[in-house]
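Protein chains in written order, with the working numbering: chain A, 387 to 1047; chain B, 387 to 1047.
No wet-lab data here; the hints were simulated from the structure.
Hints may contain errors.
[Said to hold, decoys possible] When the alpha-carbon atoms are kept at most 20 angstroms apart in a straight line, the in silico SDA-like pairs for lysine to any residue are as follows: (1) B/K439 - A/W489; (2) B/K439 - A/A904; (3) B/K439 - A/P589; (4) B/K426 - A/R616; (5) B/K909 - A/W489; (6) A/K426 - B/K426; (7) A/K426 - B/L613.
One-letter residues, chain by chain:
Protein chains: 2
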Amino acid sequence: MSVYLHDIPLEHAQQRLAEALQAVGLFGLLGAEDIPLDEKALRRVLAAPIWAKISSPHYHASAMDGFAVRSVDTAGALPTSPLVLPYESQAVYVDTGDPLPEWSDAVIPIENVERLDADAQLSAETRQPAAIRIRAAVAPWAHVRPMGEDMVATQLVLPTGHTLRPADLGAIAGCGHDTVSVARKPRVAVIPTGTELVSVGNPVQRGDIIEYNSIVLAAQVNAWGGLATRYPIVTDDFEQIQRTVEAAAQTHDLILLNAGSSAGSEDFSAGVVDALGELLVHGVAVRPGHPVILGMVRRSPMEERIHSSPSIPIIGVPGYPVSAALTGEIFVEPLLARWQGRESVQPQEIEATLTRKTTSPAGDDDYIRVAVGKVGTKMLAAPLSRGSGVITSLVRADGIVIVPRGSQGIPAGDPVRVRLYRSPGEIAQTIFAIGSHDMTLDVMAQFLAARHRRLASANVGSLGGLVALRRGETHFAGSHLLDAGSGEYNLPFIREYLPDVPVRVVALVGREQGLVVARGNPKAIHTLGDLTNPEVHYVNRQRGAGTRILLDYHLEKEAISQAQIIGYTQEEYTHLAVAAAIASGRADCGLAIAAAARALDLDFIPLFQERYDLVIPLEYADSELLSPLMALLSDGEFRTMVASLPGYDLAPMGKIIAEVG
Amino acid sequence: MSVYLHDIPLEHAQQRLAEALQAVGLFGLLGAEDIPLDEKALRRVLAAPIWAKISSPHYHASAMDGFAVRSVDTAGALPTSPLVLPYESQAVYVDTGDPLPEWSDAVIPIENVERLDADAQLSAETRQPAAIRIRAAVAPWAHVRPMGEDMVATQLVLPTGHTLRPADLGAIAGCGHDTVSVARKPRVAVIPTGTELVSVGNPVQRGDIIEYNSIVLAAQVNAWGGLATRYPIVTDDFEQIQRTVEAAAQTHDLILLNAGSSAGSEDFSAGVVDALGELLVHGVAVRPGHPVILGMVRRSPMEERIHSSPSIPIIGVPGYPVSAALTGEIFVEPLLARWQGRESVQPQEIEATLTRKTTSPAGDDDYIRVAVGKVGTKMLAAPLSRGSGVITSLVRADGIVIVPRGSQGIPAGDPVRVRLYRSPGEIAQTIFAIGSHDMTLDVMAQFLAARHRRLASANVGSLGGLVALRRGETHFAGSHLLDAGSGEYNLPFIREYLPDVPVRVVALVGREQGLVVARGNPKAIHTLGDLTNPEVHYVNRQRGAGTRILLDYHLEKEAISQAQIIGYTQEEYTHLAVAAAIASGRADCGLAIAAAARALDLDFIPLFQERYDLVIPLEYADSELLSPLMALLSDGEFRTMVASLPGYDLAPMGKIIAEVG
């Protein structure tokens, strides 16, 4: 067998797998089992239709507490000419749900009768008065739940393939069933492989990778109605992987073999599948996730007799976490749905406007994770990180945009179809924040989550935030733009960039900017002048970031040329990313806020004070959506939390700086 | 304590409960617990924010299999002027995910280098060649996943209150956590009471009610993140109910006491609550479900010390199954959400057109179950049975329309807001059928469910179906209308009622109509003439039903007056309901199809043959939505199933009778 990847289109890959499954009789329902009808049947999938065994009610039942009567006996009763019905022969007390006597065809509610004693006086006896007096006739079948009102014996109550919800369980019980035939849960082995992997909870060294794909895959399998077995980590050893897969095949319906699915020197998955059965597909034209393997592995003859299938499918799942999770959605979910006889999960789709252009490989279906928010009347989709190693792009994703192969990308402003991960209701509660990043926004996100709001923030720098405001694509922008001419914050830029967008500018915090350096400041950096030292590697913020503008302002003041600074062109997008670059030794220093240095246990040389404002379009400033956010600015708990971060000045918080436009 | 109901508005009831919970410190998170980070954490709710403990990657990692280099060493390499980098000092092999050597800042993918041996010849050695030759320079940090690319230590990864999904578990593991603090699951006691109740699986006698509310409530509780304990049935005995509630209060956070919540002679719930604590609310102005009880019951001093709350809430849940399930949605779900610190479930809302008028009690918020379907461009909401005993109205419901108190109803054709129980995707796959009922439609629904379609049928009779077609409110109508003048089926009516709607008429089945009578035909009914016997109680179909028109046609032919028939005005809406009326002794005979008689084991006197057609607007006749339905008409398995029903003739099935209009 030659181990190399040849990507084929997704539909071809699915077709090959389908044919292989059909050949061994594994393309339909995997099997059924009878389970007791109780609350544990929730979410199981019906393997047979539910026909009513008995009617419900299975007798004519009183719908009220009252007296069962014959309707004909009540004819002629009027307020002015009441009728008296003797107890037992013409009226019998019934509670709600009681069966009517055979001779009765109607019920008079207890509040509509006068109860009489043997002397024809009003009586307190509810259940067996001597007689009742009525002042109105009653129609046949009034206040009666006729037999079969809910279900008639033999009628279809629920079809095969239905996923059971709470009320369904009631209906099934109500029509006489005490067990229910449901699809057997597919058993799925999840096998992580890789010598570099360490299990959750163990200390990590440089080069160690925390193994969590198996948790994600197992959780997916369970969420989709399967029964996952998570195996211990198998090291990169062909024999060992082969033995593990062979054993798993005897007791499972599907194997997910994680990582080793590419064509590197330690990628054994394809070889193992080939040795144990048939390699159907190696490489699918989807990004991320293209080094997928689809195959079949043989069972032992004895297991085949028990399970009636000579082989089972195996999926070689790529190692990058986003690829692994998407492989689950693309290949595992539809298979588990088919095996349980239910519909595959159909994500809701909406149309949205792409906030920035994307580029895609022409040969692949490209799965782009997007944050989705509604700003004014615009539904927006903001592309998140494209890295297949960036699991947080899935965590933050509100949906997926699929760019089909053949397209090399989509320009900003184009309409796209988004497959939603969240309900439109949740998206309606999303506050979209595009602009400068500040750690206060993280704290804000945490507090807002408890106040029925989600804060989705894209960090594009202060100027980028103003651009987003101009386009009507954000609910607010965090901004700390120092005007070199006036020394004023934000307002000159707002006047220039947002002539047509009336905004309110509200101060969030005062904060310290300074140089983040390694602990002990080994390169003895103290001033901006030290950045020109050829031994010093600087790490910068991206163009348009307020911190970059602040740096440039002071460089110019001190007549230091950007070209003298090594690393001036090396850009990061957040304060924390700058600090991380220094913590890892990738750079020696960078301008950032004190909190970022503290977070990563680095040293900090304070240089400047600045103000960080929220720029809010007037149309949202007093909106219900933003009101919990505005309320936070005077919330004691929130202020205490922010004050605990280093380098922050809370004095300006909540102050309205200006309304502009 | 006086036991009687005084309905108060829903918001007031919720307010009283909220205040009582606040008073004992039960209005927020119930408690947190640390659980291991694995797939079992799925769907749990975060009780604390997740801040990254370590960065991910926590070192600079190679993003490819290749050679780690210093980017400066590669400067100047060109296709025409390659550079050779000696192994170890300037190039080191790295697998994807491996850490870069401290001196390295870029990776060249393996496919972009030539590997050389000691003699500077091309080498097959991947991992330790003597040197590598490159023909292009590489930029700093190319093919490297820099430390913190995914998550930077200390950043906010997920906020409190977030419900964990598969990818979230990966992110939490990836940033260094091995446990996760989640909300403790609220423990909920579900106590069914009622002497008339029998447990699922036991034989039922007249008057027995199968107890399934506890299953529905327990399944709801578990679905909403609680932990339900289902108690055995308690008979209607004040002492016994009191003892059970008192004991449950010691070990649970909430008690759902089912039935006995009204004000009847055996309704003990209010009294029990009053005896054990405080009755807050007895009666809420919602339909169905108004006899709700809200209260607090005391814990023993010892339990109070352990659980720190002196009392816990109790909800007296009404006994009617629809009321019980809605009480769960209205009161239990928000409470469980609050106790777990998560958002209450926000159903998606859509706007739809009401297909027929509804009337509501002016004083109550009225919860109307509706079937929802999209016919052409119209989103339609068809009200289902209003009976609070009709659990199938919840099973069939695609959503709920809430008519607020103050309104006495909504006219047909008005726009309404529907809170959806299903995704719009599922609703898009719904075939709406309004018209005459035939058992073949049940079989069809069962087969369609396995073919990605839902069949939602409303039984309004043949004429009602034509009216729905004229209004553009159904995808097809089942019809068996005999024209008295021509003796022709359906076409004369279609020409009259649907002058502007082009339709295709496709035969479904030929079927026998006759008189359904009790077994042994005790009243010796053989002809329509026998219906005038004063001893014979007839049960009729509703006006506009094809079967009623058939009866009237033959009555006229035989010169029998409707007034001579006792029960002529007693109407049922389906064949099975007619049969059920006879099975229960409520009537002696009725005109219906043979299958209905067979289903309930009754006798059948065949009288007439008729044809049952599908009337399909041309615009849907060849649509993708209906194509699985049309395919069924020639599906062997479907035909076999229909043929197994008594009295059906399959010869006409699928024949196109005409296209009209």
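To see whether the hints hold, each was checked on the structure:
| no. | hint | verdict |
| --- | --- | --- |
| 1 | B/K439 - A/W489 | violated, 76 angstroms |
| 2 | B/K439 - A/A904 | holds, 19 angstroms |
| 3 | B/K439 - A/P589 | holds, 12 angstroms |
| 4 | B/K426 - A/R616 | holds, 11 angstroms |
| 5 | B/K909 - A/W489 | holds, 18 angstroms |
| 6 | A/K426 - B/K426 | holds, 16 angstroms |
| 7 | A/K426 - B/L613 | holds, 12 angstroms |
When the structure is compared with the earlier hints, a violation turns up for hint 1 alone.
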